[in-house]
Amino acid sequence: MKKRTLTPSTLYLALVLLINYLPIVVVVLFSFNDAKLPVAWKGFSLRWYQELARDAALMEALRNSLVLALASSLAAAVIGTLGAIGTMHLRLRAKGVMDYLATLPIMLPEIILGMVFMAYFALLRLPFGMLTLIIAHTSFCIPYVFLMVRARLVGMDKSIEEAARDLGASPVRTFFDITLPLILPAILSGCILSFAMSFDDVVISIFVNGPTLSTLPIKVYTQLRTGVTPEINALCTIILIAVILFRLASAALRRMGGAGSHR
Amino acid sequence: MKKERWWLCAVPLYVFTLVFVLGPVLYMVAVSFAQNEAGTGFRWAFTLDNFAKMRDPVYIRCFRESFRLALATTALNVLIGYPFGYCMGRLSEKGKRIVMFLVMVPFWTSSLIRLYGWIILLQAKGTLNKLLLALGLIDEPLKILYSYPAVLIGMVYALLPFMILAVYTSVEKMDWTLVEAARDLGASRARAFLTVTLRLTLPGLMSGVILTFVPSMGLFFIADILGGNKIVLVGSLIQDQMTRGGNQPFAAALALMLAAMTTLMLWLYRRLTGTSELEGMF
Amino acid sequence: MLKKTIALLCAAMLLLALLSGCGAGKAEEQQLVLYTWESMFPQEVLDGFTERTGVKVIYSNFDYDETMLEKLSAAKGGDYDVVIADDYIIEQAVLSGLVSELDKSAVSNFGNINPLYQGQFYDPDDKYTVPYGAGIPLIVYDPTATDVEIKGYEDLWNPALADSVAITANYRVINGITLLSMGKSMNEEDLDVIAQAGEKLLALAPNIRLIQDDNTQDALLNGEAAAAFLYTSQVTQVMAENPALKVVYPEEGLGFGIMAGFVPVNAPNKDAAFAFLNYILEPEVSKACMEYIGYYNTTGAADDIVDPMLVVPSSVSSGEIIQNVSEAANDAYNRNWTEFRAACGQ
Numbered sequence: 001m002k003k004r005t006l007t008p009s010t011l012y013l014a015l016v017l018l019i020n021y022l023p024i025v026v027v028v029l030f031s032f033n034d035a036k037l038p039v040a041w042k043g044f045s046l047r048w049y050q051e052l053a054r055d056a057a058l059m060e061a062l063r064n065s066l067v068l069a070l071a072s073s074l075a076a077a078v079i080g081t082l083g084a085i086g087t088m089h090l091r092l093r094a095k096g097v098m099d100y101l102a103t104l105p106i107m108l109p110e111i112i113l114g115m116v117f118m119a120y121f122a123l124l125r126l127p128f129g130m131l132t133l134i135i136a137h138t139s140f141c142i143p144y145v146f147l148m149v150r151a152r153l154v155g156m157d158k159s160i161e162e163a164a165r166d167l168g169a170s171p172v173r174t175f176f177d178i179t180l181p182l183i184l185p186a187i188l189s190g191c192i193l194s195f196a197m198s199f200d201d202v203v204i205s206i207f208v209n210g211p212t213l214s215t216l217p218i219k220v221y222t223q224l225r226t227g228v229t230p231e232i233n234a235l236c237t238i239i240l241i242a243v244i245l246f247r248l249a250s251a252a253l254r255r256m257g258g259a260g261s262h263r
Numbered sequence: 001m002k003k004e005r006w007w008l009c010a011v012p013l014y015v016f017t018l019v020f021v022l023g024p025v026l027y028m029v030a031v032s033f034a035q036n037e038a039g040t041g042f043r044w045a046f047t048l049d050n051f052a053k054m055r056d057p058v059y060i061r062c063f064r065e066s067f068r069l070a071l072a073t074t075a076l077n078v079l080i081g082y083p084f085g086y087c088m089g090r091l092s093e094k095g096k097r098i099v100m101f102l103v104m105v106p107f108w109t110s111s112l113i114r115l116y117g118w119i120i121l122l123q124a125k126g127t128l129n130k131l132l133l134a135l136g137l138i139d140e141p142l143k144i145l146y147s148y149p150a151v152l153i154g155m156v157y158a159l160l161p162f163m164i165l166a167v168y169t170s171v172e173k174m175d176w177t178l179v180e181a182a183r184d185l186g187a188s189r190a191r192a193f194l195t196v197t198l199r200l201t202l203p204g205l206m207s208g209v210i211l212t213f214v215p216s217m218g219l220f221f222i223a224d225i226l227g228g229n230k231i232v233l234v235g236s237l238i239q240d241q242m243t244r245g246g247n248q249p250f251a252a253a254l255a256l257m258l259a260a261m262t263t264l265m266l267w268l269y270r271r272l273t274g275t276s277e278l279e280g281m282f
Numbered sequence: 001m002l003k004k005t006i007a008l009l010c011a012a013m014l015l016l017a018l019l020s021g022c023g024a025g026k027a028e029e030q031q032l033v034l035y036t037w038e039s040m041f042p043q044e045v046l047d048g049f050t051e052r053t054g055v056k057v058i059y060s061n062f063d064y065d066e067t068m069l070e071k072l073s074a075a076k077g078g079d080y081d082v083v084i085a086d087d088y089i090i091e092q093a094v095l096s097g098l099v100s101e102l103d104k105s106a107v108s109n110f111g112n113i114n115p116l117y118q119g120q121f122y123d124p125d126d127k128y129t130v131p132y133g134a135g136i137p138l139i140v141y142d143p144t145a146t147d148v149e150i151k152g153y154e155d156l157w158n159p160a161l162a163d164s165v166a167i168t169a170n171y172r173v174i175n176g177i178t179l180l181s182m183g184k185s186m187n188e189e190d191l192d193v194i195a196q197a198g199e200k201l202l203a204l205a206p207n208i209r210l211i212q213d214d215n216t217q218d219a220l221l222n223g224e225a226a227a228a229f230l231y232t233s234q235v236t237q238v239m240a241e242n243p244a245l246k247v248v249y250p251e252e253g254l255g256f257g258i259m260a261g262f263v264p265v266n267a268p269n270k271d272a273a274f275a276f277l278n279y280i281l282e283p284e285v286s287k288a289c290m291e292y293i294g295y296y297n298t299t300g301a302a303d304d305i306v307d308p309m310l311v312v313p314s315s316v317s318s319g320e321i322i323q324n325v326s327e328a329a330n331d332a333y334n335r336n337w338t339e340f341r342a343a344c345g346q
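Residue numbers (the numbering used here), protein chains in the order written: chain P, 1 to 263; chain C, 1 to 282; chain B, 1 to 346.
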């Protein structure tokens with residue numbers, strides 16, 4: 001399948017990706033602009049990066065967002081994956097309804113979810129803060145993992161599992177040796193998607209966060225009220241670079257330690 | 001573990017769902033029947049007013065508008081995202097990794113900021129207009145921002161990764177030997193695609209349609225930001241009622257109706273495509 | 001493959017524990033939770049308070065007044081020490097019993113307040129609140145982009161401004177200026193009159209380029225709009241960017257808004273809260289704050305030192321404040337607004 005030439009297929013991929021990156025490129029570009037408004041280029045400057053470094057509140061918000069996204073995507077990965085497997089084996093009257101309910105959080109407008117969560121948490125006397133944020137975020141992360149793993153399980157060739165069991169493997173063994181590796185890509189993409197959704201969520205977070213807590217999107221969103229400073233462009237650029245570096249580093253690590261790996 | 005006990009895995013999901021999804025939703029249903037009191041919130045007195053109010057043509061139009069936009073967004077996403085996921089699935093392992101990486105990176109930057117990027121691009125004195133003017137293609141700036149096309153661009157852009165990921169997941173695990181077999185048996189390229197590839201990737205496509213159509217019914221801040229608040233979707237109507245309008249029961253009723261509509265749509269879709277093997281997907 | 005995944009998960013957990021751990025374990029210190037919109041205080045002012053009293057200020061944000069009220073009622077008037085919000089929502093907060101009376105002995109600078117902003121509907125006896133800036137939405141236009149000479153709201157209906165007017169997104173304010181242009185009150189309760197205003201609003205739709213609360217002023221700078229109806233802070237900002245623009249005090253009358261601070265009834269640290277309100281009434285502090293947020297100065301004692309742009313012109317003595325109206329009238333305003341917005345998109 002290795003081709004050096006530009007096939008229509010790769011050309012198409014490149015074109016879509018290019019358009020995808022246009023708005024990001026302008027955001028990055030204007031983070032170096034020596035003016036507050038992104039209308040005209042007034043010269044190269046790093047002043048927004050300097051102001052960003054001085055902004056302790058923004059950094060604190062960034063840390064909160066990372067903790068929140070990590071916690072809720074992991075919780076969603078565990079609950080969602082187990083749930084997808086469990087419901088495959090379940091024959092229950094109420095199953096359709098339960099599955100519908102489990103995916104409901106991504107069907108409701110976020111603002112309703114946020115308001116309802118808030119009223120409900122107050123009802124349960126849960127203190128507003130990281131805990132309520134994690135619960136709320138987990139609830140809308142689960143459907144992503146659940147749906148993705150489910151799609152994978154439904155499309156999976158059942159005969160492989162059956163063959164393994166016919167050969168005498170225990171169900172648990174079959175699961176870990178056959179099923180799990182097959183659904184792992186789905187779990188991972190669900191998990192990544194969850195992380196990204198949580199890291200980016202603003203509407204629900206505003207409702208369920210505590211008095212002393214702020215996440216990055218909340219900061220950005222509230223800044224939109226009073227005017228976006230290119231500080232935010234600068235932060236985005238840094239996050240972008242961090243993501244790219246992280247991925248490159250993990251790829252390098254994989255290559256170094258990957259001698260024994262079957263891939 | 002015996003085979004029959006696998007269902008135990010579903011317990012955490014079900015418990016979480018009952019406590020943190022069903023509970024809040026029941027609360028919302030209750031609120032939708034409560035009596036609004038301007039200025040001070042609402043009173044627990046049963047009324048159907050909130051639902052009766054929805055018959056006003058103004059509000060019906062919001063539903064129609066949301067539906068149309070969600071449909072257009074999903075259709076464009078299928079058109080752009082399916083071929084993308086498909087092509088991506090045919091790349092080499094390394095190619096897949098690179099493209100996956102490139103698809104995911106924008107996801108990690110704030111979606112609000114990416115919308116802001118589109119504003120910078122599309123505005124009257126923006127990058128795109130400057131480019132077109134410089135090339136002599138237009139004489140005066142195009143008014144793209146704050147229009148329907150701008151909203152559509154924003155919506156498709158925001159939701160495309162969902163479609164791509166879903167389709168890709170399906171394509172990637174597809175058994176290509178089946179396509180080859182079909183070709184060997186004399187099926188044309190198109191026929192092999194329709195009968196084998198499309199069928200095998202349908203779960204992914206379905207999943208992608210769900211993951212784009214459903215959120216696009218509720219997404220409103222894209223229409224507000226790129227459409228200059230001029231396209232009133234149910235989502236923004238709900239937000240209006242919830243915040244400025246100060247009518248939570250009406251907002252809850254609208255949300256209930258929206259949730260009911262999306263459910264109906266999904267049910268219809270499943271019926272029409274007759275994909276009964278996807279049972280349990282929704 | 002599996003082992004790797006488990007190891008990865010463990011590593012992630014560990015990272016999580018580390019990240020969340022490093023926030024805890026700080027020494028117990030006094031704090032004041034200040035709840036308001038983003039960017040309402042310059043950092044120096046907050047730092048100044050901490051320096052003087054040793055109380056750390058936690059700056060907490062909401063996006064809409066209504067979100068604040070929700071949060072505050074969910075917390076039963078606790079959790080927050082000082083809240084700064086809009087006039088009409090404070091009336092609701094007071095009615096819901098969420099606001100504590102001021103301890104005037106702890107707010108010795110109370111006399112510094114400009115009486116113009118006292119005795120208002122949300123606090124007729126000046127028992128609960130300290131005003132923090134006033135806003136008057138105004139029209140700003142770009143004389144190079146339109147030939148229309150704008151004098152009042154009525155001019156926004158001029159067909160020459162087709163597809164080139166930007167307005168803010170507050171449904172009561174926009175309904176209100178329509179009513180003002182008809183010679184009615186912004187707080188009209190008569191449903192027939194409100195319906196007429198709705199009709200008139202629809203005629204404005206073809207002129208609307210965008211409806212937006214955030215950065216509405218940018219539309220004048222980036223060429224999207226020729227005229228804009230803006231909040232005070234936006235007027236200040238846009239005039240600083242482009243002094244060639246023209247500000248119009250509409251001849252039909254002005255809408256008025258006051259932001260004010262109050263102490264919730266179960267505030268955890270009331271002493272610090274009163275001290276804070278007292279602090280922001282100091283002339284120097286008021287000056288710094290008002291110049292930062294760009295709203296009209298409400299601390300009379302600071303009028304002489306603050307930027308003259310931020311002192312309300314003496315001609316403005318009778319602005320009308322938007323107040324809560326009856327359920328039916330509110331419904332009608334909402335309906336007008338939705339219909340108007342949908343008409344703008346056609």
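These aren't lab readings, by the way, just hints derived from the structure by calculation.
Accuracy of the hints is not assured; some may be wrong.
As the list claims (entries may be wrong) - To spell it out: a stretch of chain P is covered by chain C in this simulated footprint if at least three of its residues, at any positions, have a beta carbon under 8 Å from a beta carbon of chain C; those stretches are: (1) 20-31; (2) 197-207.
As the list claims (entries may be wrong) - For lysine-lysine, the following DSSO-like pairs were computed, each having C-alpha atoms within a straight-line distance of at most 30 Å: (3) C/Lys96 with P/Lys158; (4) P/Lys42 with C/Lys96; (5) B/Lys56 with B/Lys76; (6) B/Lys104 with B/Lys246.
No residue lacks a Cβ here, since even glycine has one placed at the ideal position from N, Cα and C.
Here is how each hint holds up against the structure:
Only when three residues or more bring their CB closer than 8 Å to a CB of chain C does the claim for the segment 20-31 of chain P stand; here the count is 9, and the claim holds. Check on the segment 197-207 of chain P: 4 of its residues sit with their Cβ under 8 Å from a Cβ of chain C, so the three-residue criterion for coverage holds. This hinted pair checks out: lysine 96 of chain C and lysine 158 of chain P have alpha carbons roughly 26 Å apart, not beyond 30 Å. About 40 Å separates the Cα atoms of lysine 42 of chain P and lysine 96 of chain C, which puts this hinted pair outside 30 Å; it is violated.
Restraint check for lysine 56 of chain B and lysine 76 of chain B: the C-alpha separation of about 23 Å stays at or below 30 Å, so the hint holds. Distance restraint check for lysine 104 of chain B and lysine 246 of chain B: the Cα-Cα separation of roughly 42 Å exceeds the 30 Å cut-off, and the hinted pair is therefore not satisfied.
Violated hints, in rising order: 4 and 6; the structure is consistent with all others.
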